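Asks: Got chain P; can you put chains C and Y on it based on the hints?
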Amino acid sequence: MSGISYSEILKLVAPEMLVSLAALAVLAIDLLVMREAPQRYRFWTGAAFAGLGCGLAIAWLLAMNPPPHSMSAGLSLLQGTYADDVLVRLVKVALLVMTLFTLAISMESNFTDHIGEYLALILLATVGMMFLVSSENLLMVFISLELTSLSLYILTAFNKRNVESAEAALKYFLFGGMSAAFTLFGLSLVYGLAGSIQFSEIYSKLHAAKIDTLLLAAIVMTVIGFGFKIAAVPFHLWAPDAYQGAPTPSAAFIASGSKVASFFIFAKLMMQAFAGAEGNGAWRHFTPGWLPVVATVAACSMLLGNLAAIVQGNVKRLLAYSAIAHAGYALLGLLSNSQQGMSSLIYYIVTYGLTVLGAFGVVAIVEERTGDASISSFAGLGRRQPLLGLCMMVFMLSLAGIPPLAGFFGKFYLFTAAIGAGKDMGMLWLVIFAIAMSAVSLYYYLQVLKQIYVVPAVEDSRPIVVPVSSRIILSLLALVVVVLGCAPELLLGRLITAIKLASHQ
Amino acid sequence: MFENLAWLILFLPLLSVAAITLFTRSKPRASAQISIFAVIAAFVLSLIVFVFFRGSETNSLPQASVPWLWVGDFKADIGLRLDALSLGMMLIVTGVGSLIHIYSWGYMKDDPGFARYFASLSLFTFSMLGIVMADNFLMMFIFWELVGISSYLLIGFWYEKASAADACKKAFLTNRIGDFGFLLGILMVWAVLGSLNFQDLEIRLVPHMKDYAPVATAAGLLIFCGAMGKSAQFPLHVWLPDAMEGPTPVSALIHAATMVAAGVYMLCRVFFLLNVPGSHALEVIAWIGGFTALLAALIAVQQNDIKRILAYSTLSQLGYMVMSVGMSGPTAAMYHLTTHAFFKALLFLGAGSVIYAMHHEQNIWRMGALKKKAPATYWTFMVGTLALSGVWPLSGFYSKDSILAQALETNHIALFVLGVFVALLTTFYMFRLVFVVFFGGARSEAADHAHESPDVMTWPLRILAVMSIIGGVMGIEGLYTKQFAPNAEGHAAGFGQQLLAPFSHSPLAAYLGLFAVIMGLGAAYALYSRSLFDPLPEKLGWLSRAMRNRFYFDELYERVIIPFTQEALAKFANAIDRWIISGFMVRGASGTTDLVGRALRLLQTGSLQTYAFLLVAGVALVLYLVLLR
Amino acid sequence: MHIPLEHYLIVSGILFSLGLLGVIMRRNLLVIYMCLELMLNAANLALVAMSRFNDNLNGQIMVFFIITVAAAEVSVGLALIVALYRKRQTAHVEDLTTMKN
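Residue numbers (the numbering used here), protein chains in the order written: chain P, 311 to 815; chain C, 2 to 630; chain Y, 48 to 148.
Derived by calculation from the structure, the hints in this document are not laboratory data. Predicted, not measured: the structure shown is a model, and the values here were computed from it. Some hints could be false.
[As the list claims (entries may be wrong)] No farther apart than 20 Å at their CA atoms in a straight line, the calculated lysine to any residue pairs in the SDA-like style are these: (1) C:K162 with C:F115; (2) P:K760 with C:D449; (3) P:K321 with P:V403; (4) C:K162 with P:P766; (5) C:K372 with C:F292; (6) Y:K134 with P:D423; (7) C:K162 with P:R693; (8) P:K470 with Y:A130; (9) C:K162 with C:G114; (10) P:K810 with P:A585; (11) P:K470 with Y:V116; (12) P:K470 with Y:V129.
[Unchecked claim] Covered stretches of chain C (chain P as the covering partner; in silico rule of three or more C-beta atoms under 8 Å from a C-beta of chain P): (13) 176–187; (14) 612–619.
From the three backbone atoms N, C-alpha and C, an ideal C-beta is built for every residue, glycine too.
The following block holds chain P by itself, in its conformation from the complex (with noise of 0.2 Å):
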């Protein structure tokens, strides 16, 4: 075994240590401390403390860069049950800092008296998202994905006053355990077909193998469980419920960082271990491996997201189509198989977690103010309270893949990943087919923009009061967007230095 001590360890883990001590601290201060304050007060202490583990894992991630105590540049621990690089530190830093989002957002919202424990719970689920993302093994796969899912699936359920929060959590969960289970299935068999659990060395043994059926089985069955992370169709049918019937915060958590660590663990997983077993997806020239199976989820995703989003008339469930869209897209950069895939793949996620992030904030506030969240509700909002009118603009704009925000170039990145990858742009079709899906993306954001610019509001015409706290994350929220629009350098430089570091270990 790697002899490395166990105080080596334990420095090295210290992000995640930290942002489970924050966690217990949460909890024990609410419920020790603070039971009798009010409700105001005992949330930020609450986020006070989830903030402090949070900032101080991020200040150590970036302060402890680049890994001390190699010369290369990443390491694998103990079979890979921890790896950690600059490319992982960077992702991890991406999932705190939407964590840090998450609780800013929540502030707003007063759904619970189940303080402490409602930041735990984000808290540890981000533990469960850092775990996921430094892993190189399927039992740690396997572990963290069921860390973060399950306290995914109680944040679901937050909402003791709504009925449909109950409901949308049972449905994540029924959906959640069965794809566990067929991802289980499907790791049973690579650990049966390769003898390891370790990534490096499935690769080692699979990527001369023949690829037969019990191992395209064994692939498709592990898509199944990322498939339904990442809310790709068919996996997807969870996702407009749960958006929908979770608190807002919840469900702009479970849009944002759960989707980020899920992504970056899935295409680790196909690009690694699965490398040697990508088959073709070419149109018309599909031969077995995991491309066709991905590229065929994609265009599903990309269809029946963009089309059935058209029809919402609640924005959570329209924002749910339309992550279920956004899911196709980034694939196109696992598609791609390639570095410039990944970092497209990193970058769009990031940039897209950011900004739904930013979405859902002022979702979260209109559904405060005026009792729910359906399009109607956000009429006049542009005169309401033009602040917040302006930043849902850039959302759903920067959603729409406008420039210059982020997500035109995220999105344009990622096209020419994808139209580079592989012998005569071979994905050519999916790029011909996400461009024009993203062109009828259009037209649902702008039926939320008409709503906040347009139609006035009928019954309440007041001024929607907003505290200065959230004015200002959701004005940095959109600021971010239009920076990383403008100058992507500023994130991309660094994905792709760290992921040019990390396959040279």
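Replies: Below, chains C and Y alone, put in the same frame as chain P:
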């Protein structure tokens, strides 16, 4: 060193947007002054750079570019390209733009959104300059979309009006369809040639011709899609007339002089990618342009709203330019674009002045006899009309003639005949407009009390009128010839020779062009010089009805294509999501007793299990696709 | 007596399918849970068999973890059912249809 001024030109309008939104939002006059100052300064700077360029004897000034994103294979710069093409266009955008900014000062004076209006106008100028100066596809595309957004803001300026809101949505969505093709075309070019920079592309095209030739037609047509959206070519032309819901100066700036010309400009910019042996893209472009020119001219004949007539006229002229590009004549296209910018901006501003005089009445059959009430407007409008019709020696004559000559030179006889016919129609509908609006008797109360517009509005008209007159003999064609055919000899040297050049260069085109003008003028005089109502509907019957209803394209789109593509598809997709529920409920109710029926009836237990079933079905489908094929 | 790997896999496949069928067809949420557990255990069986035939312990260790995780999952699931039952007095899936667009 002059090339660094170009950055200032580009960013001046953006600074003005920033200044207005941050500081002077509540001070309308100061906002307008900032905006007007920015655009005039940009114009003066452009002029300086232009003079420097003319003196430099080179084909393009050194590119000033800043690396924006260099990652792996993917390189994108923010760079400015300064050559005859872009400098000419910059002068148009800032020059005509300045006049329109000034004019807006008068026209929009009482509007509550004065500051917002000027901020949007500056934003538009910035994005338009971005398109013009971009030295690579990505930057061009970004500004391309920005122009879309800022025009969206301007068309929907009076967003309280439902029609304005709908119009801007239509414009935006139609443009998106075009942009879809454009983006795809860009990606295709990138995949084959491995660069986005125009200059690089031109250099790489020669050694990579073998790779590019097979996709040249497809890539060319996809890129043309973008032009089709922006320059409103058939079948994406429907948004332009509706876009007239915006304030009239906006129509003049965006929908006459600059934005709609961006499509043509872009085609000229990437002409080397279209003009590839074995590619049929140009042929298609020429015919689509020609068809649009004819269609729009026919529609214009039977419109009654003064701005709509001009809108269709713009469509028709854009068709002309696109046709010219298609006939391998980017020089002629840019020439016509330039002169057209002068006289169409003039006509729109003139129309604005008429509308202002009539207190926002736009129906020409409620006007009349404005010649005496608004003399300055009348005279300048007349100049614009003559120039648009192509009367010698006004600018329109020369540029139109060079397009017709191009058709003859490249043996496009059918398109030549079409071009002449469109010229006839153009003269006809323009003089119909002039006769009805300025001559005859006043047809309404408002026309009786009409008054001339203030000086701040008429002076831009006068300047544009002068430009429309002399535009043909200023050497504009030579400028663009330098760009597209650097080796060709200059046409005529002396002023007198230049004046008469078309007659010696391609006499058939020149004389037939003039003949068309005379015919059109005669017909318009006979029908409209004294009539109180439109005699054409009676004479033409269904044809007139079809023309007035724009050949039912809007209806076709609204009732057939849009419902089908958008709503039906969306419902379809939503239905797929739940197809089992409804589908099997029906079957279950019908009491099927066979095994399938029973199995399916079990699925009715609730939506959750339907979902679960769907998931399994999805898994099965994926497995089937992967394993059994 | 030597039992080949295929037999284990077939049994586990059958168990998995039975569990899946149960999830799709049963109406009571508790029974659906049990069927989910059946699916997980089918995977466990496969893992143990594979571990035996691969001659390493990874698979068996994984099974231990999975059993633990499954226990956690049940606790969360039961809590969700209780939450639902308090609101709606039902544990039947056909009642879970309040959300449509």
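Asks: Now look at each hint and say whether the structure bears it out.
Replies: We went through each hint and held it up to the structure:
At most 20 Å may separate the alpha-carbon atoms for a hinted pair to count; K162 of chain C and F115 of chain C meet this at roughly 17 Å. In summary, the hint linking K760 of chain P to D449 of chain C is not supported, as the alpha carbons are separated by about 41 Å, beyond the 20 Å threshold. This hinted pair checks out: K321 of chain P and V403 of chain P have alpha carbons roughly 17 Å apart, not beyond 20 Å. For the suggested pair K162 of chain C and P766 of chain P, the alpha carbons sit about 12 Å apart, so the restraint of at most 20 Å is met.
For the hint linking K372 of chain C to F292 of chain C, the alpha-carbon distance of about 35 Å lies beyond 20 Å, and the restraint is violated. Distance check on the hinted pair: K134 of chain Y and D423 of chain P sit about 17 Å apart at the alpha-carbon level, within 20 Å; holds. Among the hinted pairs, K162 of chain C with R693 of chain P is consistent with the structure: their alpha-carbon atoms are about 16 Å apart, no more than 20 Å. The suggested pairing of K470 of chain P with A130 of chain Y holds, with an alpha-carbon distance near 8 Å, which does not exceed 20 Å.
Of the pairs offered as hints, the one joining K162 of chain C and G114 of chain C holds, with about 14 Å between alpha carbons and a cut-off of 20 Å not exceeded. Of the supplied pair hints, the one linking K810 of chain P and A585 of chain P holds, its CA atoms being roughly 17 Å apart against a limit of 20 Å. Pair hint K470 of chain P plus V116 of chain Y does not hold up; C-alpha atoms about 25 Å apart against a cutoff of 20 Å. Between the alpha carbons of K470 of chain P and V129 of chain Y the distance comes to roughly 12 Å, so the proposed pair stays at or under 20 Å and holds.
With 6 residues carrying a beta carbon less than 8 Å from a beta carbon of chain P, the stretch 176–187 of chain C meets the three-residue requirement, and the given coverage holds. Coverage of the stretch 612–619 of chain C by chain P holds [criterion: at least 3 residues with CB-CB distance below 8 Å; count 6].
Hint violations for this structure: numbers 2, 5, 11, all remaining hints satisfied.
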